[in-house]
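Undergrad: For chain P, the structure is supplied; the task is to place chains Z and G on it using the hints.
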Amino acid sequence: MTKIGLEIHCQLTKLESKLFCSCKADYRGFEPNTNICPVCVGLPGSLPRLNKKAIEKATIIAMALNCQTPSKIAFFRKNYFYPDLPKNFQITQLNIYGPTSIGQEGKISVEGKEIRIRRIQLEEDPGRLIYEGSSERTQITLVDYNRAGTPLVEIVTEPDFENPKQVRLFLNILSDLLENLGVSDPSLEGAMRADANVSIEGGSKVEIKNINSFYDLEKALHFELTRQQSLAERKIEIIQETRHWDDRRKITISARSKEGEEDYRYFLEGDIPWVMIAPQVISRLKKEMPESISSKRERYIKDYDIPAQVADVLSSDKFYSDLFEHAHNEKNAKEVANLITTDLMGFVDTKEKRKESMLTAKHLSDLANSIIENKITRNSSKTVLQTIVKTGKSVSQIISELDLGHVSDEKELARVIDEIIKEETKAVEEAKQKPETINYLVGKVMKKTKGKADAALTLNLLKKKLSEY
Amino acid sequence: MNLSISALEYIDAIKNGDFTIEEFTSKTLDHIKKIDGKLHAYLSLNEKVLDQAKELDKKRKAKEKIGSCIGMPVAIKDNICVKDTKTTCASKMLEKYVAPFDATVIARLRKQDALFIGKTNLDEFAMGTTTEFSAYGPSKNPWNPEYVPGGSSGGSAVAVSALESITSLGSDTGGSVRNPASFCSIVGLKPTYGLVSRYGLISYANSIEQIGPMARTVKDVAFLLNIISGIDPNDNTTIDNHGEDYLKDIDVGIDGKKIGIISEMVGKGTDKEVSSATKKALSKFEDLGAKCEEISIDMVDYSVASYYTITSTEAGSNLARYDNLRYGFDFDLEGYEFNSYIAKTRKNFGPEVTRRLIIGGFVPSAGHTGRYFLKALKVKSRLTKEINSAFKKVDFLVAPTVPILPFKFGEKIDDPVAMFLIDFNTVTANLTGKPAISVPFEISNGLPIGIQIIADSMQEKLLFQAAYALESTTNLPKVPL
Amino acid sequence: MVSKEEIEHVAKLMKIELDDHTVHIERVQKMIEYFDILDKAATESEELIVKEQPLENLREDKYEPYKDKLIDKLKHYKEKFVRAPKMV
Numbered sequence: 001m002t003k004i005g006l007e008i009h010c011q012l013t014k015l016e017s018k019l020f021c022s023c024k025a026d027y028r029g030f031e032p033n034t035n036i037c038p039v040c041v042g043l044p045g046s047l048p049r050l051n052k053k054a055i056e057k058a059t060i061i062a063m064a065l066n067c068q069t070p071s072k073i074a075f076f077r078k079n080y081f082y083p084d085l086p087k088n089f090q091i092t093q094l095n096i097y098g099p100t101s102i103g104q105e106g107k108i109s110v111e112g113k114e115i116r117i118r119r120i121q122l123e124e125d126p127g128r129l130i131y132e133g134s135s136e137r138t139q140i141t142l143v144d145y146n147r148a149g150t151p152l153v154e155i156v157t158e159p160d161f162e163n164p165k166q167v168r169l170f171l172n173i174l175s176d177l178l179e180n181l182g183v184s185d186p187s188l189e190g191a192m193r194a195d196a197n198v199s200i201e202g203g204s205k206v207e208i209k210n211i212n213s214f215y216d217l218e219k220a221l222h223f224e225l226t227r228q229q230s231l232a233e234r235k236i237e238i239i240q241e242t243r244h245w246d247d248r249r250k251i252t253i254s255a256r257s258k259e260g261e262e263d264y265r266y267f268l269e270g271d272i273p274w275v276m277i278a279p280q281v282i283s284r285l286k287k288e289m290p291e292s293i294s295s296k297r298e299r300y301i302k303d304y305d306i307p308a309q310v311a312d313v314l315s316s317d318k319f320y321s322d323l324f325e326h327a328h329n330e331k332n333a334k335e336v337a338n339l340i341t342t343d344l345m346g347f348v349d350t351k352e353k354r355k356e357s358m359l360t361a362k363h364l365s366d367l368a369n370s371i372i373e374n375k376i377t378r379n380s381s382k383t384v385l386q387t388i389v390k391t392g393k394s395v396s397q398i399i400s401e402l403d404l405g406h407v408s409d410e411k412e413l414a415r416v417i418d419e420i421i422k423e424e425t426k427a428v429e430e431a432k433q434k435p436e437t438i439n440y441l442v443g444k445v446m447k448k449t450k451g452k453a454d455a456a457l458t459l460n461l462l463k464k465k466l467s468e469y
Numbered sequence: 001m002n003l004s005i006s007a008l009e010y011i012d013a014i015k016n017g018d019f020t021i022e023e024f025t026s027k028t029l030d031h032i033k034k035i036d037g038k039l040h041a042y043l044s045l046n047e048k049v050l051d052q053a054k055e056l057d058k059k060r061k062a063k064e065k066i067g068s069c070i071g072m073p074v075a076i077k078d079n080i081c082v083k084d085t086k087t088t089c090a091s092k093m094l095e096k097y098v099a100p101f102d103a104t105v106i107a108r109l110r111k112q113d114a115l116f117i118g119k120t121n122l123d124e125f126a127m128g129t130t131t132e133f134s135a136y137g138p139s140k141n142p143w144n145p146e147y148v149p150g151g152s153s154g155g156s157a158v159a160v161s162a163l164e165s166i167t168s169l170g171s172d173t174g175g176s177v178r179n180p181a182s183f184c185s186i187v188g189l190k191p192t193y194g195l196v197s198r199y200g201l202i203s204y205a206n207s208i209e210q211i212g213p214m215a216r217t218v219k220d221v222a223f224l225l226n227i228i229s230g231i232d233p234n235d236n237t238t239i240d241n242h243g244e245d246y247l248k249d250i251d252v253g254i255d256g257k258k259i260g261i262i263s264e265m266v267g268k269g270t271d272k273e274v275s276s277a278t279k280k281a282l283s284k285f286e287d288l289g290a291k292c293e294e295i296s297i298d299m300v301d302y303s304v305a306s307y308y309t310i311t312s313t314e315a316g317s318n319l320a321r322y323d324n325l326r327y328g329f330d331f332d333l334e335g336y337e338f339n340s341y342i343a344k345t346r347k348n349f350g351p352e353v354t355r356r357l358i359i360g361g362f363v364p365s366a367g368h369t370g371r372y373f374l375k376a377l378k379v380k381s382r383l384t385k386e387i388n389s390a391f392k393k394v395d396f397l398v399a400p401t402v403p404i405l406p407f408k409f410g411e412k413i414d415d416p417v418a419m420f421l422i423d424f425n426t427v428t429a430n431l432t433g434k435p436a437i438s439v440p441f442e443i444s445n446g447l448p449i450g451i452q453i454i455a456d457s458m459q460e461k462l463l464f465q466a467a468y469a470l471e472s473t474t475n476l477p478k479v480p481l
Numbered sequence: 001m002v003s004k005e006e007i008e009h010v011a012k013l014m015k016i017e018l019d020d021h022t023v024h025i026e027r028v029q030k031m032i033e034y035f036d037i038l039d040k041a042a043t044e045s046e047e048l049i050v051k052e053q054p055l056e057n058l059r060e061d062k063y064e065p066y067k068d069k070l071i072d073k074l075k076h077y078k079e080k081f082v083r084a085p086k087m088v
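Residue numbers (my numbering), protein chains in the order written: chain P, 1 to 469; chain Z, 1 to 481; chain G, 1 to 88.
The shape of chain P in the complex, shown without the other chains (with noise of 0.2 Å):
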């Protein structure tokens, strides 16, 4: 049986500064070596300041992973050199002398399979290597520390996953449980990582590390169970080893077992004494924990009766379910709900436009108003919120500008289908032979007055026109 576990890494990009020092936890956008200090540089006689929220956000993922979380929890000391390390040893946690990392045991459900946590840890993240010059012989090594010290969670799960497509659906709720938890934005480049272990039936264990995307994991998932059940055709040995991720040639390579040789010597941070977890605080935190995406989609249907497909839809964007909760009402809610999933998602899709935007949750919810007060018709409304996006002008100024009236006014609509009936004489005399292509007179009355025109009474005049001729 196949068996995948994963080892993610979790920026916590939503944290203001560092893990140890009040350096900016997102270190996007800085100069290299310009987000730095004694601290997070390792500089001598510097020592680590624990960030408070860090510890609270991280035991809130646990949570929502539905992990036990200790009532003390520590930190210790992974040695190894490397110029992106600093210390040449980094500040992790791990359950040497019982559980003291920030959760264990968690779970959660992917598609009915039930995915077991075994554990997740407060870490800091490495500097980054960067190299300058083409020529491999010629190139220079260059390290920027603005990323040392950001604050990580990692997130160890078991070798429960039984296929690549598991595992991305797996890594898209982890994304948007994240994301909704407010401690993390998964679409900042390199804010989540993951390292995979694959096993076949009969095969040892293999590591893959390197990995630098959620698109590279899958691919190179698929990579290495082929390599693995070719191997076992050929009735060749799969040895439990560690291979990296080629990102130039989309393949793994055995990483020379260098890390087997390798020894952490793990022990303590003295440095920081153990944390104490109150009661008090487990409980404060899951009172000011966001509500889960799941609880919200099953709010949608049970309270607004909005359709599940929309729901889901809605519930999994933390972005516009929190302009759903400020635009909708008991009244408008279903409707609010339609304009964001059908119209207002398709075209302010991407983070910068929706940084740009100028769309209020008041907006969404005048303009779903409009719409049920029958004011505008729902064929316009993907015109108004594209102005609305654009301009941030009230829905009642666009509609007046734009003429976008909703015309249910029988008199006057009775006026323009008699305009039409003239100038369609030919389409006429089809609409009464074949009544179905009484749409494309429809269609033209809706042109004619710029889609203003309420579709169903419009229909219903038609037909009685048409009858009447």
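Be careful, since some hints might not be right.
Stated by the list, open to error - List time: in silico BS3-like cross-link candidates among lysine-lysine, alpha-carbon distance up to 27 Å:
1) G:Lys4 to Z:Lys344
2) P:Lys351 to G:Lys62
3) Z:Lys92 to G:Lys62
4) Z:Lys58 to Z:Lys27
5) P:Lys78 to G:Lys78
6) Z:Lys48 to G:Lys62
Unchecked claim - One-sided excerpt, in silico: chain Z residues whose CB lies under 7 Å from chain P:
7) Thr20
8) Cys81
9) Leu201
10) Ile202
11) Asp235
12) Pro364
13) Ala366
14) His368
Calculated from the structure, these hints are not laboratory results.
For every residue, glycine included, the Cβ atom is placed at its ideal position computed from N, Cα and C.
TA: Chains Z and G alone, transformed into the frame defined by chain P:
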């Protein structure tokens, strides 16, 4: 104007107008110039100190507010960061390192207008008991320059003992403040773990070490502790002492107090002169109204092994950052590959540091952890429980600071286990986090003997009272300069 | 007892090039042998005493840029980076 005055006397004298800060500083510098070539207490001197003294005199004249130290000189062990000053840890690995920030203790002293005369010598990275392991040559004991001054804070002890500074700061991981204080006949305190911030102390064994004040009188040490102690947000391991004043009531005496003499620390291995001095100290304590009894603390016999196992492990990790990539000394990396560059660079550690790093890699390594490192931690815990029980029976624990008299250079340097055992009486206080002080008690054939007093956690006030009381029974000769 | 090979292996792990093998190795062996005394200490059931702090003690999550341009005070390459030897 006598260079042998105490800190409190100095402050009174300045306030009295007996002399200016500049005059005293200048005389100190002249004295250093005369004798430090021989004694080598200092690794570097503060070039600007005379200007800084003049500035302070100006401020005083203008009746501006001035800190409580009023220009009193403090010599600083060279493993404590002083901003924009070379901080070498007496190692070639940090030959060119200039600290970009002040240690918290330095910032606090600066605020009180202390003057930093210079950085003092130590065993490399604070690993040693004689300063023989300094990469820049040892310091000499002013009582007899053929003898070691103790270590690792040897330079700080010599500076104070030889009147090259009124006070100094050292660091104590296994006895490194108390041991040289005893060998040089001055007072040295290792505070409760967490009482003094370690921010800016270059780590050797961070779960055990403390910065310690050193001076010629108990009151001076208490005066310094008032300034440098207290909770620091830059050091998560510090404890709040609620602004305790250690000078207040320091002379109340110890009438009625109970004293336990640790039997494991006066047994075999103790020089007979040290033994007899200890007996004398006990009778002095009884004269002062205290009751003395023998107390056995089993785990003391394993304390040295536990200490060196734990500290080597921490040192192995704390010194890993010295790869010469971000700071250190001049050694061009062109043409080298990573592993070979790092290994070659780290050859610049001295022999003792190298040995401790290897041990520090060995004892916590997979396969050996349970036997050595974990075992050592358990001994540490058990020792702490035993000493806590002891403090339920007595107020203080007493033992000679060092079981042996100061010895000549080169005598022990080739025997690593003999070097270990010099710390036999001092590591217990470090492993258990308890405050301990060494008080100069006797000069035996020209060689100093100090008595160590240990109190329960955060009981420095009590500790100073006992130390002051013992000090007042002594009448020691002047250092033969 | 600890073997010469083990000591050499550890030295590599600690990234220290050992020049004069014998002097160091003999002394290190003696030092580690001294630790054998720990075997005699009766501490099997001993629980580790650890230092603790309440969550409230910890630092508030605030961004405060470091006031100095630190890279200027470190070894730097083109004033922006730290340089590392060639990674193999």
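Undergrad: Give a verdict on every hint.
TA: Results for each hint:
1. G:Lys4 to Z:Lys344: 20 Å, holds
2. P:Lys351 to G:Lys62: Distance ~25 Å between Lys351 of chain P and Lys62 of chain G Cα, so the pair holds.
3. Z:Lys92 to G:Lys62: 38 Å, violated
4. Z:Lys58 to Z:Lys27: With a Cα-Cα distance of about 19 Å, the restraint between Lys58 of chain Z and Lys27 of chain Z holds, given a limit of 27 Å.
5. P:Lys78 to G:Lys78: Violated, because 31 Å separates the two Cα atoms, which is more than 27 Å.
6. Z:Lys48 to G:Lys62: 37 Å, violated
7. Thr20: Violated: closest Cβ of chain P sits about 34 Å from Thr20 of chain Z, beyond 7 Å.
8. Cys81: 4 Å, holds
9. Leu201: 6 Å, holds
10. Ile202: 4 Å, holds
11. Asp235: 5 Å, holds
12. Pro364: Holds, about 4 Å.
13. Ala366: 5 Å, holds
14. His368: This hint is violated: His368 of chain Z lies away from chain P, its Cβ roughly 10 Å from the closest one there, beyond 7 Å.
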